[in-house]
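Those protein sequence lines, which keep their order, are chains R and W.
If you read the first sequence in the UniProt record's numbering, its first letter stands for residue 1, the second for the next number, and so on.
If you read the second sequence in the UniProt record's numbering, its first letter stands for residue 1, the second for the next number, and so on.
It should be emphasised that the hints constitute simulated quantities derived from the structure, not laboratory data.
Treat the hints with care, since some could be wrong.
Pairs count within a copy or across copies, as identical chains cannot be separated in the list.
Below, computed lysine-lysine pairings styled on BS3-like, alpha-carbon distance capped at 30 Å [what the hints assert, rightly or not]:
id	residue 1	residue 2
1	K331	K285
2	K225	K213
3	K125	K225
4	K285	K304
5	K345	K331
6	K285	K430
7	K416	K285
8	K416	K256
9	K351	K331
10	K213	K304
11	K430	K162
12	K49	K83
Protein chains: 2
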Amino acid sequence: METPNLDSLFYPKSVAVVGASNVPGKIGNAIMRSITLYYEGKVYPVNVKGEEIEVNGKKFKAYRSIQEIPDEIDVAVIAVPAKFVPDTIDECGKKGVKAAVVISAGFKEAGRADLEEELVRRARKWGIRLVGPNCLGVTNLENGFDCNFNPPERQARPPFGKVAFMSQSGAFGAAILDWAAGHRIGMSKFISLGNMADLDESDFMAYLGNDPKTGVITAYLEGVKDGRKFFNTTREVTLKKPVVILKSGRTEAGAKAAASHTGSLAGSYRIYQAAFEQAGVLEAKSMRQLFNYAKALAMERPAKGDRVAIVTNGGGAGVMMSDGLLERGMKLAELSEETNERFRKDIEAGKLPEHMSYRNPIDVIGDAPSSRYEIAMRYALEDPNVDLLVVIALFQSPALDEGIVEAMERMKAYGKPIVFVAPGGDYPHKMARNIEQRGIPVYETVEDGVDAVYALVKYGEWLKENGKI
Amino acid sequence: METPNLDSLFYPKSVAVVGASNVPGKIGNAIMRSITLYYEGKVYPVNVKGEEIEVNGKKFKAYRSIQEIPDEIDVAVIAVPAKFVPDTIDECGKKGVKAAVVISAGFKEAGRADLEEELVRRARKWGIRLVGPNCLGVTNLENGFDCNFNPPERQARPPFGKVAFMSQSGAFGAAILDWAAGHRIGMSKFISLGNMADLDESDFMAYLGNDPKTGVITAYLEGVKDGRKFFNTTREVTLKKPVVILKSGRTEAGAKAAASHTGSLAGSYRIYQAAFEQAGVLEAKSMRQLFNYAKALAMERPAKGDRVAIVTNGGGAGVMMSDGLLERGMKLAELSEETNERFRKDIEAGKLPEHMSYRNPIDVIGDAPSSRYEIAMRYALEDPNVDLLVVIALFQSPALDEGIVEAMERMKAYGKPIVFVAPGGDYPHKMARNIEQRGIPVYETVEDGVDAVYALVKYGEWLKENGKI
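Just chain R, same shape as in the assembly (with noise of 0.2 Å):
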């Protein structure tokens, strides 16, 4: 597996915007308001005219070209007509720039792939990584450094956190990365694929696989550039990360659909799962599926075997997430004998309530306080026969007091997998903010509660057949 350095890319000390302009509306207008919002780094403003660039309150000295810049550049932003691409290539070659954001389109999807040939040819010439052409660009939401030239008050940002995500589409990305800020999921990088003349999404797997920053890569993909590499490098890299893959085209209808849209050959889904199986991918088939189940793998560990105890203040939630969780081939754990005795005692001594059911799920029923549940989750993350513990949390009921985010705090002493699920509006809502501060993931459905079971028993074992836990 190759990994390229693509540090400056996402950590330039300094960046011109090529094709920047004062009109607002205009892309190059858009990308100096993104790229100067909370990037700290220098942005040097280039276009024809070389008119002074006035964004965010700030004054940016434009230049006519890269070269006359008085300083190192690291990272160009290409937003001109792509017929001057390839020479503004030629251009930042001069002046030693490192990578190349081309968000400029007008190459292979428009029917001009001799353009975009010419574009790689005057790239490698001067050793020029090149995102795109024909993209969204990349955001770095820990330093800031954006590209998007989506304005923040159509499309939000997420917040900076462990999950790096890719997108062969920009615009459906752009509308999961808004998505994904309004649900509070923490991101690392976003990368917009575009055509990927140059750096592909084996080259930028690898990179995040090596990256400090990201916890878990997901993707949304029509098809792979190179099977052998993708194949190769997510293998590799799955065994250090969890790897969440969106794969669409996989119906005729939406292979046809893919292939006008990027170009893909979709190829036989068949050969993407197998594929995917074996290198260790995860395969989500929906926007919310795929980051259930990257939330759960950024902020829980893996499960290391499929027995699910469940938690509960709710039967009929219980009864649901029983079914949710043996459709997706997992199992209710079997709970030991001592834990049903330690259930027995407590409840003969009126510690519990005397209908509770301690079978697994366990039934705290509709009156239970939050002391009641932490008696019953210390039982069933004791108990041997336990690997996962789902918490099922109905907060309509008045008895169920914010104790229980600080139970939950106590429970992660226990070093087993928690995955919380608390349904409903408002209230829920804010005690499930407080509950993932203290880094229990917490789900808005039994439904999504089971994706993130799933996601976080499948990685088990993926680590645990290749002798990683």
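Given the structure of chain R, go ahead and fit chain W onto it with the hints provided.
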């Protein structure tokens, strides 16, 4: 099909709350709070001390027994210890009460089948219909008659609308209500079924089938009380309005959990599946799917066929939608030669962009303003090969203006069902609310949109098979 007249249960002129209390945290206090918040009928608290009840800033004179109340009583809401409930029913009978909602637990679910039988015997004697026992009662969102003891700060109530919901699990039902409120799903009536000692899911199904305020009936069920009655009732009701059921206890572990929860014999899931299919019931597999189906069916007319056209400003989302539709057994419409010709001419005339794809999915590309959407939507809706239109809008693109809201209203005139998908965060949510006010259901992910299309197509097929459309 026997349809009980439950109008006095849902629209009582006067209500007695037996077991009313002034002590915050007591169920008899919480019920008084809920029932007096919006409901404008008369509320008479009953408790052994005859103490005045003060809730929501209002004072209510209390009575020592229901017979002392100097007024007729339509409904008694009963929250006294189980052992006193049969005698309370006798008092209700003497008073001429028509229906009783028994919140109290401690009957069959607690091993007291005898007490439950006694309860039913007494009610039958007086001709009183019973909800429960062991339930959260009923909530009529139309007139605010609400027996649910979960306080509003813990469990929001959804706005008044067309979806009725009944739940065999009170706690889970409450969580679903809270969730639905957060997603602004309008509801007509909520019924917590409890032990179903008298009125069961089929009785409510029959009543809701004739309820002019209910457009769609939804239910969470672990098992049905009387299979034959249920089948005959739903088969008739589904010819009048859609029925969507979330059935749990589908797996062995789920069925076991259900048996310990509600005592339901979940029965063979295959038998349920066959019955649902033959009765025209749409089966949902998750909470989200239940309401994805319900919202579509509440807002849009059923589709006359399964040929779907997609208009999108993001190719990737179009690919995802194509996969989702095909995987669920629907078709992408093959646009007529006339429609293709219309697109071709507009492209030649420069009215539509050169690189857009007008094969279904119709990709109006990332820089599409609402006017371009409108051309594409009209051509799709005017095509005789199209039964249903899916519109995907990635609002992250600043090119897409708010004119899309009015455009959608104009598209309603074609009389074909439309499903709108707007993935992302705050801005798409705002647009979604505006578009839903125009009567078109909006979904936040592609997969939710697929659910919506599925429901409209499947219910349309059922009506067609039965000669109803």
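Hints the structure fails to honour: none
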